[in-house]
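J.: In our numbering, the protein residues as written are 67 to 360.
Honestly, I wouldn't trust all of these hints.
What the hints assert, rightly or not - Straight line, CA to CA, 27 angstroms or less: simulated DSS-like cross-link-like pairs of lysine-lysine: (1) 291 - 357; (2) 291 - 219; (3) 357 - 304; (4) 340 - 219; (5) 118 - 133; (6) 340 - 217; (7) 276 - 219.
Bear in mind the hints are in silico, worked out from the structure with no lab data behind them.
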Amino acid sequence: MMYIVVLLTVMLAVLMFRLFSLKRQIRNVTKQMVELSSGTIEKKLNISLIDKNLNVLTAEINKNLTKQRELRINMARSGNHLKESIANISHDLRTPLTSMIGYLQLLQKGAITPEQREQIGIVLRKGHHLQTLIKSFYELAVLDSEEIQPKFKNVNYSNVIMDSVVENAAMFEERGLHPQITLPEDSVFVWTDEDMLRRILQNLLDNAAKYATGEIMITLLKNSKTELMMTNTISSPKEVDPARLFDRFYTSDVSRSVGSTGLGLSIVKILIDKIRGTISAELSGDHLQIKIVL
Numbered sequence: 067m068m069y070i071v072v073l074l075t076v077m078l079a080v081l082m083f084r085l086f087s088l089k090r091q092i093r094n095v096t097k098q099m100v101e102l103s104s105g106t107i108e109k110k111l112n113i114s115l116i117d118k119n120l121n122v123l124t125a126e127i128n129k130n131l132t133k134q135r136e137l138r139i140n141m142a143r144s145g146n147h148l149k150e151s152i153a154n155i156s157h158d159l160r161t162p163l164t165s166m167i168g169y170l171q172l173l174q175k176g177a178i179t180p181e182q183r184e185q186i187g188i189v190l191r192k193g194h195h196l197q198t199l200i201k202s203f204y205e206l207a208v209l210d211s212e213e214i215q216p217k218f219k220n221v222n223y224s225n226v227i228m229d230s231v232v233e234n235a236a237m238f239e240e241r242g243l244h245p246q247i248t249l250p251e252d253s254v255f256v257w258t259d260e261d262m263l264r265r266i267l268q269n270l271l272d273n274a275a276k277y278a279t280g281e282i283m284i285t286l287l288k289n290s291k292t293e294l295m296m297t298n299t300i301s302s303p304k305e306v307d308p309a310r311l312f313d314r315f316y317t318s319d320v321s322r323s324v325g326s327t328g329l330g331l332s333i334v335k336i337l338i339d340k341i342r343g344t345i346s347a348e349l350s351g352d353h354l355q356i357k358i359v360l
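Use the sequences and the hints to build the structure in full.
T.: Structure (structure tokens):
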């Protein structure tokens, strides 16, 4: 009887030890899976389990991880190749297109009939639109690469805003627009890439000038963060989806009517991400507000 009790006690101890070991190793596997999912580590599961079935499961997980890693590498290579191809094609198209536009402009100034001048004008407008599209494709492909990184320094945000508005005065005058600018009394400085910031503002001003129906308001606030709000009225607010405004190639019916490529604001989003800021859009009635936080 005593022998049976001892045997059962030993068996129970072995089972408890095995159960404890299994639970500890499962926790270890779970921890590694969490780290893999969060991107903390980039390696296979490294563990030797005492249970044959769990060993088989771990081996299959490792095979799957290897396939996923290979797939990510191949996708990254394909994406980089596509971006490089777009950049090269865009660059190759710009020179002949510029020459064509130049010849058309010379023809338009020559001795031609009013009807011919009007037809050449139509072709020129299409050519300029294509030129803008090619430039946007090229810029998007270049900026989307990891090679273009911001050069951070202390930048006078207030001055950059004023410079950008003044540089676009002719564009606003042509459209009968008069931006209202509100800045703090003291100059506001931000730690950012100045060239990227200027490109962001240029795209936002271009966008506002295209679609504003009456007023454009530019407001800079300095709190714990620096906030820039650019607000303008639009003609068809129901046709605009603020949640998709920064998506590539997103164009509302209004955008298509003015020949928009749908790339300007997506380029802004890429640049904002690079300088570690945030951007959002909000629609209130017929007022569209774009906010940048740095």
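J.: Starting from the hint list further up, note which numbers the structure goes against and sort them upward.
T.: Violated hint (a single one): 7; every other hint is consistent with the structure.
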